Amino acid sequence: MLWVDKYRPKTLAQVIVHEDIAQNLKKLVNEQDCPHLLFYGPSGSGKKTLIMALLRQIFGPSAEKVKVENRNWKIDAGSRTIDLELTTLTSTNHVELSPGDAGFQDRYIVQEIIKELAKDRPLDTKGKKGFKVLVLNEVDKLSREAQHSLRRTMEKYSAYCRLILCCNSSSKVTEAIRSRCLNIRVNAPSEEQIVKVLEFIGKKEGLQLPSGFAARIAEKSNRNLRRAILSFETCRVQQYPFTSNQAIPPMDWEEYISEIATDIMKEQSPKRLFQVRGKVYELLVNCIPPEIVLKRLLYELLKKLDAELKHEVCHWAAYYEHRMRLGQKAIFHIEAFVAKFMSIYKAFLIATFG
Amino acid sequence: MDIDMDMDIPLPEELELLEAESHLYEEPYIDSPPLDPSPPQSPPSRNLEVDGSKRSLDSIAIESPPEENKRIKRIEIEEEEEKEEEEDWLRYSPPQETEVAVAVEKDEEVYLSRYVSAIDGDCMPITAPSGGERVYAKISRAREDEGLKKLNLKDRSNGLIPEPVNVLLQRVDQEAFAKALEASSECQNDIILPETTVVHKQLWVDKYAPSSFTELLSDEQTNREVLLWLKQWDSCVFGSEIRTTSDEVLSALRRHSSTQHKKSFDSDFSRKSRGHTWSNGSYRPVNDMDHGTNNAKGMQDLWNKKSRLTGPPEQKVLLLCGSPGLGKTTLAHVAAQHCGYRVVEVNASDDRSTSTIEAKILDVVQMNSVMADARPKCLVIDEIDGALGDGKGAVEVILKMVSAERKPAFGKENDTKKKGKTASLTRPVICICNDLYAPALRPLRQIAKVHIFVQPTVSRVVSRLKYICNKEGMKTSSIALTALAEFTDCDIRSCLNTLQFLHKKKEALNVMDISSQVIGRKDISKSAFDIWREIFQKRTKRNRKSNTRSGSTYGEFDFLHSLISNRGDYDVILDGIHENILQLQYHDPVMHKTVKCLNSLGISDEIQQYVMRTQKMSLLVYQPSVAVTLHRIVAQVQKPTLEWPKSFQRYRTMLMEKTDILRAWHQKIPPYISRHLSTKSCIEDLISPLLHILSPPNFRPVALHLLSETEKNNLAQLVNVMVSYSITYKNMKFDSLSSGHEALSDASTLSFEPPIGEFIAYKDYISDHHALALAMKQVLLHEVEKQKILQVSTGKSVHRTDGFSKGDQDIAGKGASGAKSARTISAGAGTKNIENVKNITSTGQGNPSTLAVSSSSVSSRSVTAEAKQKSAAGSKKPRNGFDFFERFRKPSSKGSQEPEVAVVKEVTSERDSRPLLFKFNEGFTNAVKRPVRMREFLL
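If you're matching them up, the sequences are chains D and B in order. Per numbering that gives the first Met the number 0, the first sequence starts with residue 0, numbered consecutively. Per numbering that gives the first Met the number 0, the second sequence starts with residue 0, numbered consecutively.
Honestly, the hints are just simulated from the structure, not real lab data. Computed from a predicted structure; not experimentally measured. Incorrect hints may have been included.
To be verified - Computed list of lysine-lysine pairs in DSS-like fashion (alpha-carbon distance at most 27 Å, straight line): (1) D:Lys303 / B:Lys762; (2) B:Lys178 / D:Lys309; (3) D:Lys303 / B:Lys465; (4) B:Lys206 / B:Lys505; (5) D:Lys64 / B:Lys667; (6) B:Lys206 / D:Lys270; (7) D:Lys73 / B:Lys762; (8) D:Lys302 / B:Lys762; (9) D:Lys131 / D:Lys114; (10) D:Lys140 / B:Lys679; (11) B:Lys206 / D:Lys66; (12) B:Lys505 / B:Lys465; (13) D:Lys219 / D:Lys114; (14) D:Lys66 / B:Lys645; (15) D:Lys171 / D:Lys202; (16) D:Lys203 / D:Lys265; (17) D:Lys278 / B:Lys595; (18) D:Lys171 / B:Lys592; (19) B:Lys762 / D:Lys294; (20) D:Lys64 / B:Lys787; (21) B:Lys762 / D:Lys278; (22) B:Lys615 / D:Lys278; (23) B:Lys667 / D:Lys278; (24) D:Lys270 / B:Lys762; (25) B:Lys465 / D:Lys294; (26) D:Lys270 / B:Lys592.
Unchecked claim - Sample of chain B residues with no beta-carbon within 10 Å of chain D, all distances over it, derived: (27) Arg341; (28) Asp362; (29) Asp434; (30) Ile580; (31) Met611; (32) Met616; (33) Gln637; (34) Trp643; (35) Pro696.
To be verified - According to the in silico footprint, chain D covers these stretches of chain B (three or more CB under 8 Å from chain D): (36) 442-449; (37) 596-604; (38) 659-672; (39) 677-689.
Just so you know, even glycine gets a beta-carbon here, dropped at the ideal spot from N, CA and C.
Model the full structure from these sequences, guided by the hints.
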């Protein structure tokens, strides 16, 4: 097991990073009045961890007894029947699923399956009525229609069913749903917090941490706790007695993008653009989401850019990212951005150096 | 003589045709006065011919002789002359025609008289325009029939009769009847005007369809090669006998001057539609015989030898392709007919499933018609590229037959052919398609003889059109016709249809408004490559001139726009543009053009996506204009090198593949880990560090017992990680593992399973990941497998020990079981780590312990080695891992194995009271192939 999993807080009491949130959640559970919840925040900030700890707080250890179920659903949608396959994680008291996996058919999942799951109310052993929890991952990937169908479900079965929604960006969740939930923003942990966690782990593992080393990892991790812990473990594996200036292995795809950025800075021509296209394809093929490619590319380019150009380049990056979301073929838009950048940069070079 | 060799000189067949035609030269005086070779011809016929109807003229020519005058003799003599000429050419006519000729000859004891009374039966007055003499001709039923039939045949380009004979005969009857009536009613009139109305019923396209080889408009070279190919079948289809006779003829014809051929070939069109009835000549030995009398005997013998040797052509299938209206189908028909085949056509309107087509081909190949028309058949599969699914069926069958043909030894066709093997091709098959590169045709393309039709020259088309127009009495100018031909890309069919339409409407063809006039522009869809070329290539001045409508910018836009929208496939078009645009050589100092182009592509992508999402298909009309914009920006004069857009498709499929791998892996990871990870964050955050962690650089590939405690500790942790993330090593060659780990070539045989390493294997990127030595990998693989087995058995033992530790068990959930097993693992390897694990996992959980052993080891809290010793000695902890590796490392040394076994036995002797013994029949190495006790697996 990796350290990420090993030192993941199991209960709300163990939570180090978002202690305030954990306290609030605890209070909610104790008051026996748990509303629908919407957790949102960047990846690697601890949303899922908080949710799991919360479930444990509500249902006790039985919440951790989960089994994976791969169920096929037949949905009668008017004239035709749709076959859907959905993987769920179920324990006695809660069901966890990612409706976004169904793509454009997510509406049916929300309309039929979630309703189905929400309908039957659980009875616990002592006969008193309990309530069940539905955890929906990646709600921001749900289509608008699916989100609309979700609203009614939330109200109708609220007596004995709680929804916990989890997503990266609340801006893609409709207003209606947001207003029905208690919104919990899970920030990316600050670097100090990350350092704290790393030191905690170091202590548990009995490692000697040179001063400043943890801070360096935290800085490199982009305030992503998962990544910080992973690179911490990587460093440990690479070279144990840590030295404070030890190299922290970078993410390979980030390295690759920075190579691309270097290429772009070196030469601005359609030919070079063609090479860049090949490299961008490489990244996309390997499942790196295009918006992340674009973002990272901008980041790498900004590092090497004159201050006066930064504003313009950022503007264009945003412009092309917007178009990328509207469109379908991300490569067109990434390439267009690169071309635009090349054009700006070349014009700048010519203006500056003649 | 040898057909295979005389590709360049005119074919014997052609010469033969020409020969036949040259005989006809004596006849043309009938309808073309300037060419008239026989001055002594009687004035009457001449006069009639001026009136333009060949048909009535001919009929009169046969029936005319009677005269009222004393000069009857002279006329009779003339008549005789004429008749002789007729007979002369009739002799070279094909079967049907000969019958006619015979009939005519038989009836030729004509009843002509100056007196009506001298003729019994119906009669008809004929007046000579010059002298005003009048004769009466007997109207004899039979004669009339025959004569008219002949005429009729002539008229509708004799070789190909579009209607059955009985229909024709009926019509001829009727016509003759009507004419006779008319004639008798106005018998006092001097001249009987020919009636021409009948022809209008027919489309010009059919009416003037080439019936003979020389009339074909298509490229001469192609025509000739098609004919040659068909001729190559002769030896196996017709047998050698007929072959030789026809070759006598051919050789004779070959001696004809080729100059005559050359001359006549292009000028032929002026006389085109006159009936040449020789088109079946080569098939009819009787006709050919008396024609080719001047042949040399030696040549014949020579030929006999050669024809025996030549089999069916190398490529058994002929594939004709070209855009519509160039005359592919016509060529196939004419050529086949000319070579004496009966054409069996299968086109898109027929059922073309595999079974049907097979039946049809077999029918063609094996059966011979019992009906009168016993000619061998030739299969013409028209529009083979038409419907993809159906066409495929046909292609498959043909491929099957051809490949079946290849198997038996080549050379003895003459015998085997006739017997008709089930699946061999013994008759020519001609396939016709528009798009040579249709996917369905790919296999066919390789085995077939492919002929690509090119547009006939404009002048040829125009001369033909002009001829037809003259024939139909339509007034046109060559300029207008040229424009029309250019406009339709030399599609003679559409030209003719247009002309006929205009003619019917009594309108003249106008050069100016040719595009706005009746004819719509032809709905051609060009191939994607052509479109890309059009987009990337500037039209040169010359091209532009030839294309009258694209002279201006507007015209260019219009042209491209319609080109692209006709094609329709915007997605592919734009992908292709994207694929190729950066390879172009255009002047672009600060890349403004590139930016513009890519912006346009982005817009088109957005449109596409929006249309797909909202299903507003009407918005697709804006797609072509995007491409036109690009043309304006980047078009160059030089020819671009184009590539089919593969990269996007490749990207899509590879992405799917990788996503599947990722998803499958994600599902294999136990839920207590995977629920915290989305597949996306897997890629972003996890894989790179994980790969580092999985291949630590400071691992010594040495025997396990040589490792220090920290190293063992690390190893155990690594194995733990691998198990919990369900990663293992996979070897490609299983036997290489047992054979030994020293072979360096085996290094590549062990790789991650699932292949997570691939996710960072970018092209041209060297990652700094440390690769483990093969030996290390083997150790890891072994350990991981062992761990898995252990995990399963601990799962079981949990259930077994339920009774002992009930208090603990109720909290130990499934999610915790992984942690538990991890603990046992570390205990097994004797790590210090175990305490940490315990501390983390057991807080708030009590102390779930599956086995008494582990709890004892926890309680002892001693240094690992000691703990191991203790547990090994005291309780049920065999030194399993240790032994396993020891055995594994030295599989050969039996001597060392013995004592170890003894040790194990000694250690576990107290539990030998349980007699259950398992024998390992399969294992990872030979080392394991020995009796092992169950508890050794259970630790």
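Evaluated hints:
For the hint linking D:Lys303 to B:Lys762, the alpha-carbon distance of about 24 Å falls within 27 Å, and the restraint holds. Taking the CA atoms of B:Lys178 and D:Lys309, the gap is about 96 Å. The hint is violated against a cut of 27 Å. Among the hinted pairs, D:Lys303 with B:Lys465 is inconsistent with the structure: their alpha-carbon atoms are about 73 Å apart, more than 27 Å. At most 27 Å may separate the alpha-carbon atoms for a hinted pair to count; B:Lys206 and B:Lys505 meet this at roughly 19 Å.
Between the alpha carbons of D:Lys64 and B:Lys667 the distance comes to roughly 17 Å, so the proposed pair stays at or under 27 Å and holds. Between B:Lys206 and D:Lys270 the alpha-carbon distance is near 58 Å, which puts this suggested pair outside the 27 Å criterion. Annotation: proposed proximity of D:Lys73 to B:Lys762 is violated, straight-line Cα distance about 43 Å (limit 27 Å). Note on D:Lys302 and B:Lys762: the hinted pairing holds, with a Cα-Cα distance of about 24 Å set against a maximum of 27 Å.
Note on D:Lys131 and D:Lys114: the hinted pairing holds, with a Cα-Cα distance of about 13 Å set against a maximum of 27 Å. Taking the CA atoms of D:Lys140 and B:Lys679, the gap is near 13 Å; set against the 27 Å cutoff, the hint holds. About 80 Å separates the Cα atoms of B:Lys206 and D:Lys66, which puts this hinted pair outside 27 Å; it is violated. For the hint pairing B:Lys505 with B:Lys465, the CA-to-CA distance comes to about 17 Å; that is within 27 Å, so the pair holds.
As the CA atoms of D:Lys219 and D:Lys114 are separated by approximately 43 Å, the hinted pair breaks the 27 Å bound. Using a Cα cut-off of 27 Å, the hinted pair D:Lys66 and B:Lys645 is violated, with the two alpha carbons roughly 42 Å apart. Between the alpha carbons of D:Lys171 and D:Lys202 the distance comes to roughly 40 Å, so the proposed pair goes past 27 Å and is violated. Taken as a hint, the D:Lys203 and D:Lys265 pair is broken in the structure, with Cα atoms around 47 Å apart against an allowance of 27 Å.
As the CA atoms of D:Lys278 and B:Lys595 are separated by approximately 22 Å, the hinted pair is consistent with the 27 Å bound. A threshold of 27 Å between alpha carbons decides the hint, and for D:Lys171 with B:Lys592 the separation of about 35 Å lies outside it, so the pair is violated. With a C-alpha separation of about 21 Å, the suggested pairing of B:Lys762 with D:Lys294 holds against the 27 Å cut-off. At roughly 20 Å between alpha-carbon atoms, D:Lys64 and B:Lys787 fall within 27 Å of each other, so this suggested pair holds.
Under the criterion of a C-alpha separation no larger than 27 Å, the hint pairing B:Lys762 with D:Lys278 is consistent with the structure, at around 7 Å. For the hint pairing B:Lys615 with D:Lys278, the CA-to-CA distance comes to about 35 Å; that exceeds 27 Å, so the pair is violated. A C-alpha spacing of about 30 Å is found between B:Lys667 and D:Lys278, which places the hinted pair above 27 Å, so the restraint is violated. Of the supplied pair hints, the one linking D:Lys270 and B:Lys762 holds, its CA atoms being roughly 17 Å apart against a limit of 27 Å.
A distance of roughly 68 Å separates the Cα atoms of B:Lys465 and D:Lys294; the hinted pair therefore is violated under the 27 Å criterion. Under the criterion of a C-alpha separation no larger than 27 Å, the hint pairing D:Lys270 with B:Lys592 is consistent with the structure, at around 13 Å. Taking the minimum C-beta to C-beta distance to chain D, about 51 Å, the non-interface status of B:Arg341 holds against the 10 Å cut. For B:Asp362, the non-interface assignment is confirmed: its Cβ lies about 44 Å from the closest Cβ of chain D, beyond the 10 Å cut-off.
Once the 10 Å rule is applied to beta carbons, B:Asp434 is consistent with being away from chain D; the minimum gap is 27 Å. Interface exclusion of B:Ile580 from chain D breaks down, the closest Cβ pair being 8 Å apart, not more than 10 Å. The Cβ of B:Met611 does not lie farther than 10 Å from every Cβ of chain D; its closest approach is about 7 Å, which violates its non-interface assignment. The Cβ of B:Met616 lies farther than 10 Å from every Cβ of chain D, with a closest approach of about 16 Å, so its non-interface assignment holds.
Separation of B:Gln637 from chain D is adequate, the least Cβ-Cβ distance of about 16 Å exceeding the 10 Å criterion. Listed as a non-interface residue, B:Trp643 keeps its Cβ farther than 10 Å from every Cβ of chain D; the least gap is roughly 16 Å. At the 10 Å boundary, the C-beta of B:Pro696 falls inside the reach of chain D, the nearest C-beta of that chain being 6 Å off. Against chain D, the region 442-449 of chain B contributes 0 residues with a C-beta closer than 8 Å to a partner C-beta. That does not satisfy the three-residue criterion, and the hint is violated.
Coverage of a stretch by a chain is defined here by at least three residues with a beta carbon nearer than 8 Å to that chain's beta carbons; for the region 596-604 of chain B and chain D the count is 5, and the condition holds. For the region 659-672 of chain B, the assignment as covered by chain D holds, since 5 residues bring a beta-carbon within under 8 Å of that chain's beta-carbons and 3 suffice. Three residues within the 8 Å Cβ limit are the bar, and the region 677-689 of chain B against chain D gives 12, so the coverage statement holds.
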